[in-house]
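**Q** Chains as they are written, first to last, in this note's numbering: chain A, 1 to 417; chain B, 1 to 417.
Take these hints with a grain of salt, some might be off.
Note that identical chains are pooled: a pair holds if it fits in a single copy or bridges any two copies.
[What the hints assert, rightly or not] In silico DSS-like pairs for lysine-lysine, Cα to Cα no more than 25 Å straight-line:
1) K186 x K211
2) K224 x K235
3) K208 x K186
4) K71 x K86
5) K71 x K165
6) K113 x K392
7) K165 x K395
8) K186 x K391
9) K71 x K113
10) K318 x K186
11) K113 x K391
12) K7 x K318
13) K391 x K71
14) K318 x K2
15) K71 x K7
Bear in mind the hints are in silico, worked out from the structure with no lab data behind them.
There are 2 protein chains.
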Amino acid sequence: MKLTPVKGTNDYLPDEVALRDRLQDIILRDYRAAGFRRISTPILEDIENLDHSDGGENLALIFKVLKRGEKLTSALSEASDVSAVKENDLADMGLRYDLTLPLSRYYANNRAKLPLPMKVIQLDRVYRAERPQKGRLREFVQCDIDIIGTSSYTAEVELILTTAKALSDIGLDDFTVRINDRSLLKAMIASCGIAEEQSDSVCIELDKLDKIGWDGVSSELYEKGIYGEATEKLKALMSRTPFTIDDAESAVPGSPAAQNLRMIMSAVAELDPSLRVVYDPTLVRGQGYYTGTVFEVSSGSFGSSVAGGGRYDGLIGKFTGENIPAVGFSIGFERIFSILSAKGDAVPGARKGVVVFYDGGDPDAFISAERTAVTLRDEYDVTLMTEPPQKKFGKTLGSLRQSGYFGYFRDGGIKPL
Amino acid sequence: MKLTPVKGTNDYLPDEVALRDRLQDIILRDYRAAGFRRISTPILEDIENLDHSDGGENLALIFKVLKRGEKLTSALSEASDVSAVKENDLADMGLRYDLTLPLSRYYANNRAKLPLPMKVIQLDRVYRAERPQKGRLREFVQCDIDIIGTSSYTAEVELILTTAKALSDIGLDDFTVRINDRSLLKAMIASCGIAEEQSDSVCIELDKLDKIGWDGVSSELYEKGIYGEATEKLKALMSRTPFTIDDAESAVPGSPAAQNLRMIMSAVAELDPSLRVVYDPTLVRGQGYYTGTVFEVSSGSFGSSVAGGGRYDGLIGKFTGENIPAVGFSIGFERIFSILSAKGDAVPGARKGVVVFYDGGDPDAFISAERTAVTLRDEYDVTLMTEPPQKKFGKTLGSLRQSGYFGYFRDGGIKPL
Numbered sequence: 001m002k003l004t005p006v007k008g009t010n011d012y013l014p015d016e017v018a019l020r021d022r023l024q025d026i027i028l029r030d031y032r033a034a035g036f037r038r039i040s041t042p043i044l045e046d047i048e049n050l051d052h053s054d055g056g057e058n059l060a061l062i063f064k065v066l067k068r069g070e071k072l073t074s075a076l077s078e079a080s081d082v083s084a085v086k087e088n089d090l091a092d093m094g095l096r097y098d099l100t101l102p103l104s105r106y107y108a109n110n111r112a113k114l115p116l117p118m119k120v121i122q123l124d125r126v127y128r129a130e131r132p133q134k135g136r137l138r139e140f141v142q143c144d145i146d147i148i149g150t151s152s153y154t155a156e157v158e159l160i161l162t163t164a165k166a167l168s169d170i171g172l173d174d175f176t177v178r179i180n181d182r183s184l185l186k187a188m189i190a191s192c193g194i195a196e197e198q199s200d201s202v203c204i205e206l207d208k209l210d211k212i213g214w215d216g217v218s219s220e221l222y223e224k225g226i227y228g229e230a231t232e233k234l235k236a237l238m239s240r241t242p243f244t245i246d247d248a249e250s251a252v253p254g255s256p257a258a259q260n261l262r263m264i265m266s267a268v269a270e271l272d273p274s275l276r277v278v279y280d281p282t283l284v285r286g287q288g289y290y291t292g293t294v295f296e297v298s299s300g301s302f303g304s305s306v307a308g309g310g311r312y313d314g315l316i317g318k319f320t321g322e323n324i325p326a327v328g329f330s331i332g333f334e335r336i337f338s339i340l341s342a343k344g345d346a347v348p349g350a351r352k353g354v355v356v357f358y359d360g361g362d363p364d365a366f367i368s369a370e371r372t373a374v375t376l377r378d379e380y381d382v383t384l385m386t387e388p389p390q391k392k393f394g395k396t397l398g399s400l401r402q403s404g405y406f407g408y409f410r411d412g413g414i415k416p417l
Numbered sequence: 001m002k003l004t005p006v007k008g009t010n011d012y013l014p015d016e017v018a019l020r021d022r023l024q025d026i027i028l029r030d031y032r033a034a035g036f037r038r039i040s041t042p043i044l045e046d047i048e049n050l051d052h053s054d055g056g057e058n059l060a061l062i063f064k065v066l067k068r069g070e071k072l073t074s075a076l077s078e079a080s081d082v083s084a085v086k087e088n089d090l091a092d093m094g095l096r097y098d099l100t101l102p103l104s105r106y107y108a109n110n111r112a113k114l115p116l117p118m119k120v121i122q123l124d125r126v127y128r129a130e131r132p133q134k135g136r137l138r139e140f141v142q143c144d145i146d147i148i149g150t151s152s153y154t155a156e157v158e159l160i161l162t163t164a165k166a167l168s169d170i171g172l173d174d175f176t177v178r179i180n181d182r183s184l185l186k187a188m189i190a191s192c193g194i195a196e197e198q199s200d201s202v203c204i205e206l207d208k209l210d211k212i213g214w215d216g217v218s219s220e221l222y223e224k225g226i227y228g229e230a231t232e233k234l235k236a237l238m239s240r241t242p243f244t245i246d247d248a249e250s251a252v253p254g255s256p257a258a259q260n261l262r263m264i265m266s267a268v269a270e271l272d273p274s275l276r277v278v279y280d281p282t283l284v285r286g287q288g289y290y291t292g293t294v295f296e297v298s299s300g301s302f303g304s305s306v307a308g309g310g311r312y313d314g315l316i317g318k319f320t321g322e323n324i325p326a327v328g329f330s331i332g333f334e335r336i337f338s339i340l341s342a343k344g345d346a347v348p349g350a351r352k353g354v355v356v357f358y359d360g361g362d363p364d365a366f367i368s369a370e371r372t373a374v375t376l377r378d379e380y381d382v383t384l385m386t387e388p389p390q391k392k393f394g395k396t397l398g399s400l401r402q403s404g405y406f407g408y409f410r411d412g413g414i415k416p417l
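Just chain A, with the same shape it has in the complex (with noise of 0.2 Å):
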C-alpha cells in the first residue's frame, strides 16, 4: 500500500483544516452578506461538455474517468488496433478544471428556478493535472462569486467590493485591484493598424509583459509573424508610463469599455476609498472565455495574484442558445491559505480546546469526566484523555499546551496550560 497522497495532492493536518475551514466560514460569510448564495454542482462533469468549453490550456490538463462494464468493452472493441484507440473513446466523464464550465451548464439546467439576474457564491474543489515539477496543485480549492444577468457596471462594483472586503477580513492587506477591458484593449490593437485576427495572440503576448518585457514580447510576436509598423505601434502606444483611461481614450475616442472602466472605478472610489483599484491596459487573464473587463488583484507584500475575473458573456450561451451576460471573480483560495498558513498566526475566531482526565481504569471516573465536558462544551472544544502517571504528567501538559489546547480541567474550573 502506498502511503503518501497521489501526486500534487495533500494530506492536511487537523491545525491545517481548522485555518481552512475558518478562513471558508469568514468568506462565505462576506459573500452572503453581500445578498449571494451559495449553490453546488458535481465534480463529475460530461467530457463533452469539457471538451468543448473555452478553457484555453486547461483543456490539456483535464482527468478523464474512464468508462465502465460494457461501454468500455465496447470502445476498445471498436477499435481496429490498440494504437487507434483515443483517449476520449475511454472516458465519459472528467473532473471539472474550474467551477465557471459548471456554472454555466447549471444556470442553463435550472434556470426555469432561478432569479435573475442571479448572485452565485461557489467554494469547491477542481482539478488539473498539471506537471507535478512546477509545484502545482492537481486538486485544489476554488472561491467564486459571479453575477449572472445584467451586463450593468454595478454587478463589476458588487464583485470588487466584495472580493475585497473578505480578502481584507480574512488578514490580507496591502493589495492592489488591476482592471482592463479585453474589448478595449482589442480596440487599441486594431487602432494601430493590426488585422483582427492577430489580436488574440497579440493579447496573449501582452498577458506576459510582466514577466518577459517588451523585447520578450516583440520576438514572440515575431515568430508568429506578427511584426512591423504596427507592431512598433502598439509598443509605443502600451509603453507610455503611466498609462490612464485618458490614454486608452484617445486612442479609440469614444470606447464605451473605456466609460464602463471609468463608472466601475468612481463607484469603487466613492464606496470603498481606501481600495487601491489600478487601470492596467495590459491585463488580459489567461481563460479563453472573457469578453469584456478582466481583473486581478496582487498582493504587494507577497509579489502575487490572489483573485481574478471577468466578464464571460458568451459562455452561457453555449448552454442556453439566448446571450446571458456573466461576471464572476475567485479567489485564489490555495494561495492565501498558504499565505496565512506562513504566517501561523492563531486561526482567528476558533474556539478554545479544554482536556478532562480521568482515571483509564475506572467505568465511574470516565462516566463522571464525560459529565463534566458535556457541561464544558457550550463553551469550549473539550476532550476526555486517560490520566498519565503522576511523573509523566508535567510532560503530558507540556505536550498538550503545544499542541494548541488551552487548558485542561482541575477541581472544578479550568486551569491555563
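Put chain B on the given structure of chain A with help from the hints.
**A** For chain B alone, coordinates are given in the frame of chain A:
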C-alpha cells in the same frame, strides 16, 4: 452541450445548499465540541490502494481515472491487442468510495505529527458507480468521526453519544441505536458447530435477515452448501425474542465481546438515559473491514438507517505494518438531507435576507443603496436590486417573499415582506 448533471449526481439549488451547509455546520460544531478534529484527504487515491482495501462490494463500484500522455500510450502499446487491455492497465488513480480507507492511509502517512489516541472528523464527498436505476447517488457526502489508537469501550461510548447529539441537534428524533459485536456473533455461530471458514458467509446472510427472513436466509445458505443440524441450531438460537446479551453469554460463556457490549450500553444509559440503545444479535454491516463492535442508527419515523459504523482494528495495520485499533461512526448525510429537505422547515439559524432597491438609471442611487446595504450587513444578508416600475412593485414583493426574503429597506428601516 449537455444541460443535466452526469447520471447519479445532483445540482443543488441555493435553498438546498443553505440547508446542507447549515446541517454540516451543526454537525461539525457538535463533533468539534466533543474534542474531534477535522482532517482532509484527496478525493483521488492510488488505484492499488483502492483495489487492495477490504471494501467488499464497493470495490466493483470504483470510478477509475484514465492514465495520461506517455503513461497511457505505453499502457496501450504493451497490450498485444485491444481485447487484452485490462481496466487497471488504463487507470492509475480512482475516486475514493469511502472515507475510511483514506483515513487509514492518512494516519499511516502522518502519524509522526498526530496524537494517539486521535479523534478525527471527516466530512466530504465520496464516489460509487452505483446502478443509476436503483435511485442511488454516485456522488455523495459522508460524515464520519473516528477514534484511532484505543481498544477501550470508552471510544464506542464517545462515538455513540456524539453522533446521537448531532442527530438530535439537526432535528432528528425518535431514533434507535442498535449495537452488536461481530466477534460475539462469530463465536455464537461457532458454538452451533458451523465451521470457521463458513462463518463469513453466514454473517453475510444474517445481515439480510430483516429483509428476507429466516426462510430466505436458510435457502441462500443451502445454496452455499451450508445446511444441516448446525444451521438449524443457529436458527433456533438466534430466533429467540427478545434476544438479550444474557442469552448471548449463555451461548458463549465468558465472552469478552459480550462483556464489552455491556460496558458500552451501561455507560451510554447512564450518560444519556433518553437515548434508546438495543443489542441486535444479527447486526453485521456490509464493510469487510469491521472486526468487533458494529452499530447502526435507525429512525423510527423514516424506517431506515441514518448512521452506522464499527470497529476496524485491522485496516490501519495494512499501511503501518503494526496493529492499531480504530473505530468509527458515519452519519448518512444524504439521507438526513433528504428527510429534512422533504419536511420543508425553514433552515435553522440561517440569517435573514433583505433587499435594497435603487433606481437602475442613476449611478448615485446605486452608490447610496450600496452604502445602506453595508450598514445592514452586520445583521442581514443584503442584496441590491433595481427598482421595478411602480405597477409591478407589488408583484416583485410577492415573488421576493416566495423566494424566502424577509424584508426590504424603505424609509430608513426594514419593512417585512
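**Q** Hint by hint, say whether it matches the structure.
**A** The hints, checked one at a time:
1. K186 x K211: within (21 Å within a copy, 68 Å between copies)
2. K224 x K235: within (16 Å within a copy, 82 Å between copies)
3. K208 x K186: Within. Shortest intra-copy distance 16 Å satisfies the 25 Å Cα cut-off; inter-copy 68 Å does not.
4. K71 x K86: Cα proximity of K71 and K86: in one copy and across copies (14 Å, 13 Å).
5. K71 x K165: Neither: 49 Å inside a copy, 45 Å across copies.
6. K113 x K392: between (62 Å within a copy, 20 Å between copies)
7. K165 x K395: neither (43 Å within a copy, 33 Å between copies)
8. K186 x K391: neither (75 Å within a copy, 43 Å between copies)
9. K71 x K113: Classified as neither: same-chain Cα gap 34 Å, cross-chain 44 Å, threshold 25 Å.
10. K318 x K186: Classified as within: same-chain Cα gap 23 Å, cross-chain 59 Å, threshold 25 Å.
11. K113 x K391: For K113 and K391, the Cα distance is within 25 Å only across copies (24 Å; inside one copy 65 Å).
12. K7 x K318: between (34 Å within a copy, 21 Å between copies)
13. K391 x K71: This pair counts as neither: shortest intra-copy Cα distance 65 Å, inter-copy 57 Å.
14. K318 x K2: between (42 Å within a copy, 10 Å between copies)
15. K71 x K7: Between copies only: 15 Å across chains, 29 Å inside a chain, cut-off 25 Å.
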